[in-house]
Amino acid sequence: MNKKMPKVLKSSTNYKILKLIAAGGMGEVYEADILGAEGFSKKVAIKTLLAEMDADQRFIDMFISEAKLVSNLVHENIVQIYQLERAPFGHFIVMELVEGIGLHDMIDRLREDNLALPYPLAVFIASRIARGLAYAHNRCDNEKNNLGIVHRDICPNNILVTKEGLPKLTDFGIAKALSNSITSNDQCLMGKLVYMAPEQARKEQVDKRVDIYALGMVLFELLSGNFSRDAENESELFELACAGAVNMDALPDDLPPELENILFRSIQVEPCDRFQTADEMCTALEYFIYKDGYGPTIVSLENFMKKFFPDLYD
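Each residue of the sequence shown is one higher than the one before, counting from 1 in the numbering used here.
Check the hints yourself; a few may be wrong.
[Said to hold, decoys possible] Here are the computed distance ranges between Cβ atoms for each label pair: (1) 72 / 22: 20 to 30 Å; (2) 272 / 234: 38 to 48 Å; (3) 89 / 144: 33 to 43 Å; (4) 230 / 308: 23 to 33 Å; (5) 8 / 270: 49 to 59 Å; (6) 89 / 250: 16 to 26 Å; (7) 203 / 264: 22 to 32 Å; (8) 272 / 164: 35 to 45 Å; (9) 146 / 89: 33 to 43 Å; (10) 19 / 110: 22 to 32 Å; (11) 28 / 76: 20 to 30 Å.
[Unchecked claim] Straight line, CA to CA, 27 Å or less: simulated DSS-like cross-link-like pairs of lysine-lysine: (12) 68 / 203; (13) 19 / 42; (14) 16 / 163; (15) 306 / 163; (16) 43 / 4; (17) 10 / 68.
Don't read these hints as lab results, they were simulated from the structure.
Heads up, the beta-carbon is just placed ideally off N, CA and C, and yes, glycines get one too.
All chains, please: the whole structure from these sequences, using the hints.
Okay, structure coming up:
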C-alpha cells in the first residue's frame, strides 16, 4: 500500500439535482449527478424522506440500521444503494438511477386501454423479481449467518423495468422502518394492503414468506390487469387482507392450469402452504416459461415496451 494513502480517505461529495422523478407517501425521488474532480459526473437517483418521518427518531434509527443491512446487495434485479447521506434538510439515499418505467405505471397505462401483459411476460417479470428476492433472502454475514433480510413491501410501486427490459426491485429496508414508525400514515398502509400477506396485515410475526405472498399478488395483477382485492373502503380492504381474500374471478379464463397452480400456491393464506423460499418460486416460474427450451427474455420485454410505451425511447 502507498505509505501516503490515509486509512480513511475523506472527500466532499456534491450532488446536482436535475429533476423530480416521483413523489409519494414517504418522500421524493430526484434524478441527480454526482459531481467529481476534473468534470467527472455520474447519474444517480436521490430519495428524500418526508419531514415528519425525518423528525421521527425511531423511524430514522430503524431506517439507518436497515440501510446498512442492505447496502451490499449487488444483483441485477435489485436497485443498488450507493450511499446514505445527511443534509441540512434531513437524510437521503443515493442509489442507482433506473431509466425505464415503474411497474405500477405500466399496469395503469395498459389498464387504461383494457389491456394486460401477455402472460409469458408477466411470468418473466415475476421470475426475475423472485431471483432478486432469493439473492437477498440468502445473504449472509462474514460468519455465514443469514442476515434475515425481508423486503416486506413487494408491490408494483417498488418494481421498476429498465428500457432494456430488465426488472428491478427497489426500497429494501424502508418498509421495516415504516412499520415501526409513529408517523406512518394510514394512506401509505392502505395502498399496500392489496398485496400484503394476511399475517403481515394482522401485525403478526413475519418471515421471508410474506415476500413470496406479495410477489404472487403482483403476478395476479399482471395476469389479470385488475386488483386482486376489490373493496368499497379502507376498512373492508383491511378485513380482506387479514383474511387473505382474493377475487379469483378477476383472472382470465384461458390461463394455463400450470400457471394457475403456481399463482395459487404463492398466495395461500397459511405460510406453510406457500412456496417456502423465493428460490422455489423462481424455479417454478422459470420452468413454466422455459420448459420447451425457449421463452421470454429482456429483449422480449423491451420490444413489448417499445410497442406500447414508445415515449420511453424518445
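Verification of the hints:
1. 72 / 22: 20 to 30 Å: holds, 25 Å
2. 272 / 234: 38 to 48 Å: Given about 29 Å between the Cβ atoms, the range is violated.
3. 89 / 144: 33 to 43 Å: Since the Cβ atoms of residue 89 and residue 144 sit about 40 Å apart, the hinted range of 33 to 43 Å holds.
4. 230 / 308: 23 to 33 Å: holds, 25 Å
5. 8 / 270: 49 to 59 Å: Since residue 8 and residue 270 have Cβ atoms about 50 Å apart, the given range 49 to 59 Å holds.
6. 89 / 250: 16 to 26 Å: With a Cβ separation near 43 Å, residue 89 and residue 250 fall outside 16 to 26 Å, so the hint is violated.
7. 203 / 264: 22 to 32 Å: holds, 25 Å
8. 272 / 164: 35 to 45 Å: At 38 Å between Cβs, range holds.
9. 146 / 89: 33 to 43 Å: Cβ of residue 146 to Cβ of residue 89: about 36 Å, so the range 33 to 43 Å holds.
10. 19 / 110: 22 to 32 Å: holds, 25 Å
11. 28 / 76: 20 to 30 Å: 26 Å Cβ-Cβ, so the 20 to 30 Å window holds.
12. 68 / 203: holds, 24 Å
13. 19 / 42: holds, 15 Å
14. 16 / 163: holds, 24 Å
15. 306 / 163: Satisfied, since the Cα-Cα distance of roughly 8 Å is no more than 27 Å.
16. 43 / 4: violated, 31 Å
17. 10 / 68: It holds: about 19 Å lies between the C-alpha atoms, which stays within 27 Å.
Going through the hint list in order, the structure does not satisfy hints 2, 6 and 16.
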